[in-house]
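Residue numbers (our numbering), protein chains in the order written: chain A, 1403 to 1741; chain B, 1403 to 1741.
You may find that some hints are simply not true.
In this list, chains with the same sequence are indistinguishable; a pair is considered to hold if it fits within one copy or across any two.
[To be verified] In silico DMTMM-like links for lysine to aspartate or glutamate, alpha-carbon gap of 25 Å or less: (1) Lys1489 to Glu1473; (2) Lys1575 to Glu1467; (3) Lys1575 to Glu1429; (4) Lys1575 to Glu1435; (5) Lys1641 to Glu1688; (6) Lys1406 to Asp1481; (7) Lys1575 to Asp1722; (8) Lys1641 to Glu1600; (9) Lys1575 to Asp1428; (10) Lys1575 to Asp1644; (11) Lys1641 to Glu1612; (12) Lys1575 to Asp1614; (13) Lys1406 to Asp1493; (14) Lys1406 to Glu1656; (15) Lys1489 to Asp1453; (16) Lys1641 to Glu1709; (17) Lys1489 to Glu1507.
I should point out that these hints are in silico values taken from the structure, not numbers from a laboratory.
2 protein chains.
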Amino acid sequence: MHYKLALLGFGNVGRHLARLLMRKQDELRQRYEITFSVVGIATGRHGAAIDPDGLDLEQALQAYESGHGLEPLSRLPVDDSLDFIHKCGADVLFENSPVNHATGEPAVTHAHTALELGMHVVTANKGTVVHAYRQLTNLAAARGLSFRFESTVMDGAPIFSLFRHNILAAQLKSIRGVLNSTSNLILGVMEQGGSFEEGVRRAQEMGVAETDPSADIDGWDAAIKVAALTTVLMGIPTKPQDVQREGIRAITPEMIAQARADGQRYKLVCSARRVGAAVETRVRPERVGIESPMYGVDGTTSIIQFETDVLGLLSVVETDPGPETTAYGLLADFVNIVT
Amino acid sequence: MHYKLALLGFGNVGRHLARLLMRKQDELRQRYEITFSVVGIATGRHGAAIDPDGLDLEQALQAYESGHGLEPLSRLPVDDSLDFIHKCGADVLFENSPVNHATGEPAVTHAHTALELGMHVVTANKGTVVHAYRQLTNLAAARGLSFRFESTVMDGAPIFSLFRHNILAAQLKSIRGVLNSTSNLILGVMEQGGSFEEGVRRAQEMGVAETDPSADIDGWDAAIKVAALTTVLMGIPTKPQDVQREGIRAITPEMIAQARADGQRYKLVCSARRVGAAVETRVRPERVGIESPMYGVDGTTSIIQFETDVLGLLSVVETDPGPETTAYGLLADFVNIVT
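Here chain A stands alone, though its shape is the one from the complex:
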């Protein structure tokens, strides 16, 4: 089967996806009989290009990186992102516009429009899940399409798909995880005797933290992930502001030292626990001991633990994810949809 793909959003994730698609082209054909062409790419500030016969990805990357922009490659004029979606004619839209934590827009509208036009939607944008999971999933189902978002939590590691395909007929009782790299890096630097500010700098140097790292440090990023997990895996719609949230600003070197002396480490722990028909969701610094798989989670490594009625406690650890892993989650969603 041949699929026409469109990439809306051509930042770090979108460009890694383009490279991954090139690298996996032969493998997709040989293992899954999937062929594809990328009929459209829309960037934030470098224009957009549509070619019904397929764009040359190498050329598109060069046009982007040279700063010339994508317009010269386009066979159609493109006004804006909605115009792009209407004109691209794709079978699958990869929605990777920047996350808007407060409303999920414009990504929600992008996804909605693409589904209405008959495209599958794959996204790494947490905003769509937190703000419109039910709406987009129902719309997709009504059209015989799929809305997928594996890359929104723990990069490309299979989390959502685990409960779609593997852990079936199970009751999910609780979730715990360490899901924010910036906080984890800062706590690690403080364990080595560094200051909070040094930790922030390290995370920024590594390209993990934003210039303004508050969303990470104050637990918002973690709260959004908890909300997404709870909404999708427990079926209980949850907004980030519903999550009890305490960041790592109040953690002092003395507290870190005391924990170490007791054989423990501070981790910014995400959690969601069913209580009757409701759920208790929380982000807060906790001390964990060596008996916990969270104990060894360092740097940008992340972990998620699922407690169900049928398996003991199942943990998934993603060690040192590289820049390709988020892009890989998008690719895996695509392959999963069409096979």
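Model the placement of chain B on the given structure of chain A, informed by the hints.
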């Protein structure tokens, strides 16, 4: 859809499966529109029962546990296990006869016969995978059926299904894991100052080790798991005797103490690593440091790590699996096949 199930093997796993089927009956109907009847149960030494209208599982468990045997419940005479397979008329056979590491028999013949007769086969029996994976998988495919075996490694935790449904279009470069509970328990007891023999006794008291624990201690159980993983996930047929194997008999209290002093722990590590078109497989005690997710794996907890070309290092940890978890793997395979 209604499915007729047959349970061949009614030991600990088979009986837990029966209880789990009863417990999940409503959930399967409500969430997946699956209904089922168990039309046959064959035990090792308590006879067999076939009832085309469905057996009462509670009654079957009582008949087994009271020692009266299952014959009184049967509407047909049953000569032996092959006769059972021919007469049971099931859609799905759960093959849980005892493992024969040397040949895989009689489980391989059971599975083969059931597939020939048009049944899906689900098994927790490692022998079938190590000795006949390709044969049984090809036969199943030719008949439009499935042969599944999630419970053969790490109980019910999703391992094989992860590469069937989640980690798609990926190259698996290496596998590492701690997959033998007896060895891990013994090493743990020795870390607490106990002797090797005390460790063996503890594992036996917990029902984890056999009366003769050599298969665990000498690394055979781990080697079989490595062979199964390599055969299925890397596509390279591997026998347990192909695996470089070193058990834990040579580990002394002094070695354990030295490792601890260095901040490390001994683990019986399973590994498989692609080298060109071949694979290097190994079971041996290794010292691991706190940076490894293996470090915190205690007691009956197990871990497996996958290195691919698309995700960093992905680890799955199953903490304190209960007796139901192997049975759950069988149930999940069944649901996966029919949904």
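**Asked** Can you tell me if Lys1406 and Asp1493 fall within 25 Å by alpha carbon in one copy, between copies, both or neither?
**Response** within (5 Å within a copy, 40 Å between copies)
- prompt: Using 25 Å as the alpha-carbon threshold, which applies to Lys1489 and Asp1453: within, between, both, or neither?
  reply: Within one copy only: 10 Å inside, 61 Å across.
Check: When no copy is named, should Lys1575 and Asp1614 be tagged within, between, both, or neither for a Cα gap of at most 25 Å?
Finding: neither (35 Å within a copy, 38 Å between copies)
*asked:* Within a copy, between copies, both or neither: which one fits Lys1575 and Asp1428 at a CA-CA cutoff of 25 Å?
replied: Classified as between; 18 Å across copies, 41 Å inside a copy.
Is it within, between, both or neither when you check Lys1575 against Glu1429 at 25 Å Cα-Cα?
So Lys1575 and Glu1429 pass the 25 Å test across copies only (15 Å; inside, 38 Å).
Lys1575 and Asp1722: within-copy, between-copy, both or neither at 25 Å Cα: Result: close only across copies, 16 Å inter versus 28 Å intra.
Practice prompt. Pop the pair Lys1575 and Glu1435 into one bin, within, between, both or neither, using alpha-carbon distances up to 25 Å.
Written response: Classified as between; 23 Å across copies, 39 Å inside a copy.
Alpha-carbon proximity between Lys1641 and Glu1709, which holds within one copy, between copies, both or neither at 25 Å: within (22 Å within a copy, 34 Å between copies)
Taking 25 Å as the upper bound on the Cα-Cα distance, should Lys1489 and Glu1507 be classified as within, between, both, or neither?
within (20 Å within a copy, 61 Å between copies)
Legend entry - Homomeric proximity label, Lys1575 with Asp1644: Cα distance no greater than 25 Å: within (18 Å within a copy, 42 Å between copies)
Can you give me the call for Lys1641 and Glu1612, within, between, both or neither, at a CA distance of at most 25 Å?
-> within (22 Å within a copy, 50 Å between copies)
message = My question is about Lys1406 and Glu1656: at a cut-off of 25 Å on alpha-carbon distance, are they close within one copy, between copies, both, or neither?
response = neither (56 Å within a copy, 63 Å between copies)
Going through the hint list in order, the structure does not satisfy hints 2, 8, 12, 14.
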